[in-house]
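Going down the list, the sequences are from chains A and B. Letter by letter, the first sequence follows residues 208 to 542 of this note's numbering. Letter by letter, the second sequence follows residues 208 to 542 of this note's numbering.
Among the clues, some could well be false.
For identical chains, the list gives no copy identity; a pair is met inside one copy or between any two copies.
Under the rule of at most 25 Å between Cα atoms (straight-line distance), these lysine to any residue pairs were calculated in the SDA-like manner [stated by the list, open to error]: (1) Lys214 / Gln321; (2) Lys345 / His257; (3) Lys345 / Thr212; (4) Lys345 / Ser250; (5) Lys214 / Lys345; (6) Lys214 / Arg318; (7) Lys412 / Arg436; (8) Lys357 / Leu292; (9) Lys221 / Ala240; (10) Lys214 / Gln253.
Quick caveat, the hints were computed from the structure, so don't treat them as lab data. From a predicted model like this one, the values you see are computed outputs, not experimental measurements.
There are 2 protein chains.
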Amino acid sequence: MSAATIKDVAREAKVSVASVSRAMNGGSGVTAATSERIHAAASRLQYVPHAAARMLITRRSNTIGALLPDLYGEFFSELIRGIDLAARARGFHLLVSSSHDGAEEAAAAVRSMQGRVDGLLILSARVDAAFLRSNLPKSLPVVLINSAVKSTAHTVLNVDNFAGASAMVQHLLQAGHASVAFIAGPESNFDAQQRDKGYRAAMAKYAPNAPIRIVVGDFTEESGYRAGRELLAQQPHPRAVFAANDMMAVGCLTAFKEAGLRVPQDIALAGFDDIPVARYVTPSLSTVRVRIVELGRIALEQLVAQLDKADPAPISVQTLGCEIVVRESCGASIT
Amino acid sequence: MSAATIKDVAREAKVSVASVSRAMNGGSGVTAATSERIHAAASRLQYVPHAAARMLITRRSNTIGALLPDLYGEFFSELIRGIDLAARARGFHLLVSSSHDGAEEAAAAVRSMQGRVDGLLILSARVDAAFLRSNLPKSLPVVLINSAVKSTAHTVLNVDNFAGASAMVQHLLQAGHASVAFIAGPESNFDAQQRDKGYRAAMAKYAPNAPIRIVVGDFTEESGYRAGRELLAQQPHPRAVFAANDMMAVGCLTAFKEAGLRVPQDIALAGFDDIPVARYVTPSLSTVRVRIVELGRIALEQLVAQLDKADPAPISVQTLGCEIVVRESCGASIT
DNA sequence: AACCCGCATGAAAACGATTACGTTGCTGCC
DNA sequence: GGCAGCAACGTAATCGTTTTCATGCGGGTT
């Protein structure tokens, strides 16, 4: 026996399907008495409106899609948590498609979501303006997260990597270190670029005469380890190191320990992201925290805001601040 | 201008809508020539079938729903990754609803998914047999992950906590420790119960004369710390400790370090889960690894298998093995 | 030559909701 | 008492597909 339809409810409550529909949504246009009778009948039959039928006529799915790359654990789950909580609060469903590596994979995912979602949340390094133009109908609202795309056609929501990196470097300098070396991320990565700029800006402002020392990594622990050894090979080695993310900082820490250096007494260290591991390494790692749940929540809210107003959607570029987390590794306490 | 419909394609290709439909799915019943003409017209118009309309008539959404509790980072993202990869491989979409604390919240989520999904993946401590009966139509295929529910009506997929815990205790005993103390998880938790049983079974088998020492925690780092102090207060304190999860082991480790004990020389330690942090604490933590991606993949495949066969779905209880990961903290190398 | 069968194709009926548009009946005002 | 106006309710069109059934056509068998 299949599920009850609106007709069954109508028959049960001895009214027309139109009245049932009216009673179920809003309830205007029906007497309180009949509305009550209808609701009683509905719950008696355990009636649940058929989502597809409603979608078809209203042209609204009450679903938003999230397109995500192959993300490292903590970031992914926090982001989804933020998105999901905000979505549920607004009565939206969440259709997820993650772990995309290639652009063509992402394109296929986007196409298959067509018509199932009212809007799209995209976080992906591979997605650029051309991709969006060719794979998306311009009528579909989109919010880009952490994207380098400078589109006037879509809302963009970024983490303030520049300010975060800059603040951490400033902190290290003001804690008494004459100079700070930097372990950069992959050059193709937007976040990495911004953090690099933040480092340079802070150095230029607070230590204009100090040398700029940069070693390039790729955000992996392994590359951090190599970068650490490379920095130690320099004479004299730097007294303070800022890594563009925590995983590289952790690898770097291993290199320092192996070399018999004490952190932070002999050399200070800081990372970026505040992944959980940062608290558990010894010494605990100073880093820059991104409020990821917040990021997801705001992204979804921006998207929903676009859905509501039918006018040419207001576009904005928004930036989400981050905060410095001072722990043992940067030696702030021994100034 | 709205998206192209099947009618537009039909007009463009000078055929009926029926032929377009046939050409798009499978293609049987149309000449190769006309099929090609239709596909050409379709791509010219950038035609994408309207998902809702198709759902309405086929009564299939090609979507499966995942109902998850408020999960700790790594586990959540790995599980979703496994589910998502398997789903995409089979052409299914993934509707996620996570971060559910209460049973009524979960119930609401389940209801709102009604009709949007072909099947449901449920991982939740709050969900029991009664919940399933009252909130789900029996026609909806469900796979329960890590659930204590012994239902003959639904497929259940569990991690072999018993074997994992048992194997770790056996390993500790055979590494030369005369006895092993246990830090248990919350008694209401199914995983915790199974790990507890595994501990007792291994003790009974490999150290039948040794005392059973158990301190109860709640899976948090804090409770692990308290448990560690409690164990050290005993005279003589245990020489080997097995915690029911890694977070408690990490808290416990802090307690041991504070007390000036060396791990593993003075006291051995092991956890369960193999969260990323386990590798980064000092000393690195021996633990039991669960193949989470695998868990998600298998769960989805089980579910899809049920979808395909219309007969009274074959029910099974499946168990996924886990493996011991030996690192520094258990002192296996200094036997 | 008559027949039948298979095959490509088209016409039209679903699917289950929303909603524009009529119809009814009642109220209130002149 | 008649008429306008309004609220409650029903009828039917509509959304975009799939699918059943009918139709016509070509060719092989008798």
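A quick look at each hint next to the structure:
| no. | hint | result |
| --- | --- | --- |
| 1 | Lys214 / Gln321 | between (30 Å within a copy, 18 Å between copies) |
| 2 | Lys345 / His257 | between (28 Å within a copy, 17 Å between copies) |
| 3 | Lys345 / Thr212 | between (35 Å within a copy, 17 Å between copies) |
| 4 | Lys345 / Ser250 | between (41 Å within a copy, 17 Å between copies) |
| 5 | Lys214 / Lys345 | between (37 Å within a copy, 22 Å between copies) |
| 6 | Lys214 / Arg318 | between (34 Å within a copy, 20 Å between copies) |
| 7 | Lys412 / Arg436 | neither (28 Å within a copy, 49 Å between copies) |
| 8 | Lys357 / Leu292 | neither (28 Å within a copy, 31 Å between copies) |
| 9 | Lys221 / Ala240 | within (13 Å within a copy, 53 Å between copies) |
| 10 | Lys214 / Gln253 | within (13 Å within a copy, 36 Å between copies) |
The structure shown violates the earlier hints numbered 7, 8.
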